[in-house]
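Participant: Protein sequences, first through last, are from chains C and A.
Quick note: the first sequence, position 131, residue 130 per numbering that gives the first Met the number 0, numbers continuous.
Quick note: the second sequence, position 7, residue 6 per numbering that gives the first Met the number 0, numbers continuous.
It is possible that part of the hints are untrue.
[To be verified] So the derived label-pair ranges between C-beta atoms look like this: (1) K42/A - D62/C: 28 to 38 Å; (2) L132/C - E7/A: 11 to 21 Å; (3) N30/A - K94/C: 15 to 25 Å; (4) K42/A - N145/C: 11 to 21 Å.
[Said to hold, decoys possible] Okay, derived cross-link-like pairs now, DSS-like style, lysine-lysine, Cα gap no bigger than 30 Å in a straight line: (5) K20/A - K74/C; (6) K6/A - K117/C; (7) K39/A - K20/A.
[To be verified] Which chain A residues face chain C? A few, computed with CB under 7 Å, are given here: (8) I13; (9) I41; (10) F43; (11) P46.
Worth flagging that the hints you see were computed from the coordinates, not collected in a lab.
Every residue, glycine too, gets a C-beta built ideally from N, C-alpha and C.
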Amino acid sequence: MPNLYNYTFNEVTGTYNFTTKNDIEYKVVFIIDETLDSVSENPIENVYQVIIEKVSDAIEPLDSAVGRTIDDIIKSFFENAQNSLIYICSENEEKAEIRFNVFDRWYLNSTFNEFVTKIDNVINCEANGEVYLLYTSLLYHNDNPNIEYVLTAYNSIEEVLNSK
Amino acid sequence: MKRIITKESIMKSITKMVADKATVRSFLKGNTSIETVTQKGIKFAKPL
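Extracted from the complex, chain C is given alone in its bound form (with noise of 0.2 Å):
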């Protein structure tokens, strides 16, 4: 894939770091996640949530290698057809409802699309006397063996949120 920065993992913050060519410093993290884990009568391994912050406070202008390298992290992680990356954004996130709009602009224009479904669930519940909604999504590699376990879990939080 032309056009890309490289990218170097920092074993002691546990941050996959990249420099553009404007000097401005982008981390990309993977943390565990236990959100269908916790949902599921099965264990559920292998599933992450992925977190992209610019670093920099500088102004970053367009610079389509940002993309493209990103993009080629994703597709390195999907190398493992096991893993799963979960999205939930609350509405009560600065700006909610717009990342999650980007989060599947960028999975249609990615170069992974053709191996890795996205699939999207926008939830009304209410707990404790209030009412949120939640933007989710799950990406997974087509041939994951435990596809069905995940898809179980991922479909049952909407079931068990909107139970009495």
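Got chain C sorted already, so can you dock chain A onto it with the hints?
Facilitator: Chain A in isolation, oriented as in the chain C frame:
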């Protein structure tokens, strides 16, 4: 042992997930220490 899955346990898990994300963003910006991240039970991975 069969797990008991309740609405409360899922809300707790989702709330933690959203909070963890904010903590990690703050960590990446240098505003939160790695000790705080660890104390909150956030586990970084090296899946690549």
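Participant: Using the beta carbons of K42/A and D62/C, state whether their distance is inside 28 to 38 Å or not.
Facilitator: 31 Å, holds
Participant: If you draw a straight line from the CA of K6/A to the CA of K117/C, is it 30 Å or shorter?
Facilitator: Roughly 25 Å between the alpha carbons, so the hint for K6/A and K117/C holds.
Participant: Regarding the hint that I13/A lies at the interface with chain C, is the smallest CB-CB distance below 7 Å?
Facilitator: Cβ of I13/A sits 6 Å from chain C, so the hint holds.
Participant: Go ahead and decide if the range 11 to 21 Å is satisfied by the Cβ distance of L132/C to E7/A.
Facilitator: Holds: the Cβ-Cβ distance is about 19 Å, inside 11 to 21 Å.
Participant: Tell me if I41/A is really an interface residue toward chain C, meaning its C-beta lies closer than 7 Å to one of theirs.
Facilitator: 6 Å, holds
Participant: Mind checking the hinted window 15 to 25 Å against the Cβ distance between N30/A and K94/C?
Facilitator: 19 Å, holds
Participant: Take a quick look at whether K39/A and K20/A sit within 30 Å of each other, Cα to Cα.
Facilitator: With a Cα-Cα distance of about 11 Å, the restraint between K39/A and K20/A holds, given a limit of 30 Å.
Participant: Sort out whether K74/C lies within 30 Å of K20/A, counting only the CA atoms.
Facilitator: Satisfied, since the Cα-Cα distance of roughly 22 Å is no more than 30 Å.
Participant: Evaluate the given range 11 to 21 Å for the C-beta pair formed by K42/A and N145/C.
Facilitator: For K42/A and N145/C the Cβ distance comes to about 19 Å; the hint holds.
Participant: Please check whether F43/A passes as an interface residue: C-beta within 7 Å of a C-beta belonging to chain C.
Facilitator: 3 Å, holds
Participant: Let me know if the C-beta of P46/A comes in closer than 7 Å to any C-beta of chain C, holds or violated.
Facilitator: With a minimum Cβ separation of about 5 Å from chain C (threshold 7 Å), the hint on P46/A holds.
In this structure, every one of the numbered hints holds.
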